[in-house]
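J.: Using this note's numbering, you'd call the opening residue of the sequence shown number 14 and step up by one each time.
Please keep in mind that the hints were generated in silico from the structure rather than gathered at the bench. Ideal Cβ positions, reconstructed from N, Cα and C, are used throughout, including at glycine. Treat the hints with care, since some could be wrong.
In silico DSBU-like pairs for lysine-lysine, Cα to Cα no more than 30 Å straight-line [claimed, not checked]: (1) Lys133 to Lys24; (2) Lys264 to Lys292; (3) Lys289 to Lys103; (4) Lys133 to Lys289; (5) Lys183 to Lys17; (6) Lys182 to Lys24; (7) Lys133 to Lys231; (8) Lys103 to Lys182; (9) Lys133 to Lys292; (10) Lys231 to Lys292; (11) Lys24 to Lys103; (12) Lys264 to Lys17; (13) Lys231 to Lys103; (14) Lys24 to Lys183; (15) Lys103 to Lys133; (16) Lys289 to Lys231; (17) Lys133 to Lys17; (18) Lys292 to Lys24; (19) Lys231 to Lys182; (20) Lys264 to Lys231; (21) Lys231 to Lys17.
The calculated label-pair distances, taken between Cβ atoms and stated as ranges, are [unchecked claim]: (22) Gln286 to Ala162: 41 to 49 Å; (23) Lys183 to His79: 14 to 22 Å; (24) Val106 to Ser23: 39 to 47 Å.
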Amino acid sequence: MLKKVSVDFSKSHDRIPHQDPGLEDSISQVWEQRSQGNSSLFNGQKFRYGGYCLDDDDGSTNEVPHVCLRLGLTDYRTFVGTNLSSLWEKFLVTSEDDSVRCRHTSSPLGNGAVIETSDKKIIVLRRSNNVGEFPGHYVFPGGHPEPTAVGIDYHQLENNVQTGEVLNKKVTQEMFDSIICEVVEETGIPASSLSSPLFIGISRRELNVRPAMFFYLKCSHHSDDIQRLYSSAEDGFESTQLHTVSLDELKMMTSRMPGCHHGGFALYELMLQRLKNTKETSLIAT
14 MLKKVSVDFS KSHDRIPHQD PGLEDSISQV WEQRSQGNSS LFNGQKFRYG
64 GYCLDDDDGS TNEVPHVCLR LGLTDYRTFV GTNLSSLWEK FLVTSEDDSV
114 RCRHTSSPLG NGAVIETSDK KIIVLRRSNN VGEFPGHYVF PGGHPEPTAV
164 GIDYHQLENN VQTGEVLNKK VTQEMFDSII CEVVEETGIP ASSLSSPLFI
214 GISRRELNVR PAMFFYLKCS HHSDDIQRLY SSAEDGFEST QLHTVSLDEL
264 KMMTSRMPGC HHGGFALYEL MLQRLKNTKE TSLIAT
């Protein structure tokens, strides 16, 4: 599925400062307040989601469209001071264009994985009560693609088309590599037991407009094996429980999911419906 997704990484997709100086100053104030209460906070770089564009490969409605993600740079400090601030709605612009509406927010791009075990169960984590966002909620395994993973600390000044194309390919690859890393670290499932990630879409939660890209993966392990693997997960401290649930059970859990993960479930259902329609069309044709 990698060939159906690409990235346009550019400074033009960075956050635009708000015209209200007081609102801009609040970003530093919120960060200072949060930092004083939590010495472990780290202001790391993140990819900023600036929107997307679709392009059909051959104009056929039967083809999966090519998705180009527009990504810039942001950091955790700005995320805390915009999306996570109590003033987050003041940073929004009235517009039907999502990229315009959120142009003043940090909007770091998160990721999540809907993982099916060999017996068709879905893996869900229950977040620790010590995490900063949505403690105790159910989530799919995930985190963030990392700019530093591809050697990006800041935007390069040179305007070289060839260099830009190479960097875009590296960032695209990081979108797929990062979700594998997150799954391995959070669940303990080895990468060799996972299929190649299938990108199924992007969800943006209504509360604080945070975006996340979601993937579908198959796991070769039976659900009975997953708890054993989870006990040795590197980042197991971020969650307190791992559940392997049926589709019906998962539907019951979505009310206790953050909005973007609820959206991830909706994307998974759309994928299942598309696969079902494709099979039915194939049977009719034969």
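J.: Hint by hint, note whether the structure agrees.
T.: Results for each hint:
For the given pair, Lys133 sits about 42 Å from Lys24 by alpha-carbon distance, which is inconsistent with the 30 Å threshold. At most 30 Å may separate the alpha-carbon atoms for a hinted pair to count; Lys264 and Lys292 meet this at roughly 24 Å. Only pairs whose Cα atoms come within 30 Å are accepted, and Lys289 paired with Lys103 is rejected, the gap being roughly 42 Å. The suggested pairing of Lys133 with Lys289 holds, with an alpha-carbon distance near 16 Å, which does not exceed 30 Å.
Distance hint between Lys183 and Lys17 is fulfilled; the C-alpha atoms sit about 15 Å from each other, no more than 30 Å. Taking the CA atoms of Lys182 and Lys24, the gap is about 16 Å. The hint holds against a cut of 30 Å. With a C-alpha separation of about 9 Å, the suggested pair Lys133 and Lys231 falls inside the 30 Å cut-off, and the hint holds. The suggested pairing of Lys103 with Lys182 is violated, with an alpha-carbon distance near 35 Å, which exceeds 30 Å.
This hinted pair checks out: Lys133 and Lys292 have alpha carbons roughly 18 Å apart, not beyond 30 Å. Distance check on the hinted pair: Lys231 and Lys292 sit about 19 Å apart at the alpha-carbon level, within 30 Å; holds. Taking the CA atoms of Lys24 and Lys103, the gap is about 23 Å. The hint holds against a cut of 30 Å. A threshold of 30 Å between alpha carbons decides the hint, and for Lys264 with Lys17 the separation of about 29 Å falls inside it, so the pair holds.
In summary, the hint linking Lys231 to Lys103 is not supported, as the alpha carbons are separated by about 41 Å, beyond the 30 Å threshold. Restraint check for Lys24 and Lys183: the C-alpha separation of about 16 Å stays at or below 30 Å, so the hint holds. Note on Lys103 and Lys133: the hinted pairing is violated, with a Cα-Cα distance of about 43 Å set against a maximum of 30 Å. Of the supplied pair hints, the one linking Lys289 and Lys231 holds, its CA atoms being roughly 17 Å apart against a limit of 30 Å.
Our distance criterion of 30 Å between C-alpha atoms is met by Lys133 and Lys17, whose separation comes to about 26 Å. Restraint check for Lys292 and Lys24: the C-alpha separation of about 42 Å exceeds 30 Å, so the hint is violated. As the CA atoms of Lys231 and Lys182 are separated by approximately 24 Å, the hinted pair is consistent with the 30 Å bound. A threshold of 30 Å between alpha carbons decides the hint, and for Lys264 with Lys231 the separation of about 19 Å falls inside it, so the pair holds.
Between Lys231 and Lys17, the direct Cα distance comes to roughly 19 Å. Compliance with the 30 Å bound is thereby established for this hinted pair. One distance hint, 41 to 49 Å for the beta-carbon pair Gln286 and Ala162, is violated here, with the actual separation near 34 Å. About 18 Å separates the C-beta atoms of Lys183 and His79, a value consistent with the hinted range of 14 to 22 Å. Separation of Val106 from Ser23 is about 20 Å and departs from the stated range, judged on CB atoms against 39 to 47 Å.
Comparing the model with each earlier hint shows violations of hints 1, 3, 8, 13, 15, 18, 22, 24; every other hint is respected.
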